[in-house]
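Listed here are the chains, written in short residue letters.
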Amino acid sequence: MSTLFSALKVSAQGMTAQRTRLNVTSSNIANIQTTRSAEGGPYRRQDPVFQAVDLGDGVSGVEVESIESDQSEPRKVYDPGHPDSDADGYVAMPNINLVEEMVNMITAQRAYEANASVVDTTKKMARSALSIGEG
Amino acid sequence: MVIKGAEQVANAIKGGFAVDGAKDSPEGAFAARLEKALESTNALQLQANDASEALAAGAPVSLHDTMISVEKADISSRLFISMTRKALEAYKEMMRMPI
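Taken in order, these protein sequences are the chains called R and C. The first sequence begins at 5 in the working numbering and counts up one residue at a time. The second sequence begins at 891 in the working numbering and counts up one residue at a time.
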């Protein structure tokens with residue numbers, strides 16, 4: 005029973021990881037024009053880093069090891085009227101590409117669905133094994 | 891001769907169903923195994939209940955984790971029901987044996 009349950013555990017971890025990725029993507033999209041953040045400066049794009057977790061018997065789960073901030077230079081936009089513009093009239097805007105974030109979102113959704121279908125298949129295999137005992 | 895054969899069969903059944911640290915009678919050994927299976931099924935059912943309640947109350951429990959624990963409890967209880975049914979059928983079969 006434990007091998008069946010470890011398959012379910014792996015899929016659950018996968019789904020959790022994809023949920024985290026979706027949350028991070030949604031916060032990137034929401035903050036696409038945020039010029040003030042807690043660390044000072046504009047919002048920096050967040051990216052989750054996944055790590056494989058060894059569960060024994062050659063089975064690997066996944067966990068979110070950390071959420072990294074993008075370290076590249078922020079995008080400079082000329083807007084002297086903006087409250088956060090510097091001496092030259094440039095505002096530092098977050099370096100977030102909407103198209104890239106949408107693609108990440110779709111990828112996360114497909115991966116989540118794939119993990120859900122693994123759970124479904126595991127459940128069907130268990131049912132068919134149990135049906136050996138019936139009849 | 892026939893009586894001795896029946897005793898050997900009874901010893902074979904006793905050996906087959908023996909569990910470490912189980913009671914001496916063959917019924918006790920099998921009951922101990924069944925009880926262990928029931929305990930694990932019950933534990934999974936309780937986990938599934940707790941997870942569903944936490945989700946309904948709005949705790950930060952993820953939806954897929956709750957559904958997966960419900961599914962585990964379902965598989966475990968189906969297995970247990972199947973085992974009990976087989977045990978009962980085996981018992982009935984043995985009682986039908988002519989003495």
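There may be inaccurate statements among the hints.
[To be verified] Listed below are several chain C residues computed to face chain R (Cβ distance under 10 Å; list not exhaustive): (1) Q935; (2) D955; (3) S959; (4) I965; (5) S972.
Calculated directly from the structure, the hints in this document are not laboratory data. Virtual Cβ for every residue (Gly too), placed ideally from N, Cα, C.
Hints versus structure:
1. Q935: Violated: closest Cβ of chain R sits about 14 Å from Q935 (chain C), beyond 10 Å.
2. D955: holds, 6 Å
3. S959: At 9 Å from the nearest chain R Cβ, S959 (chain C) passes the 10 Å test, so the hint holds.
4. I965: With a closest approach of 5 Å, the I965 (chain C) hint holds.
5. S972: The hint holds - S972 (chain C) has a Cβ within 10 Å of chain R, the shortest such distance being about 4 Å.
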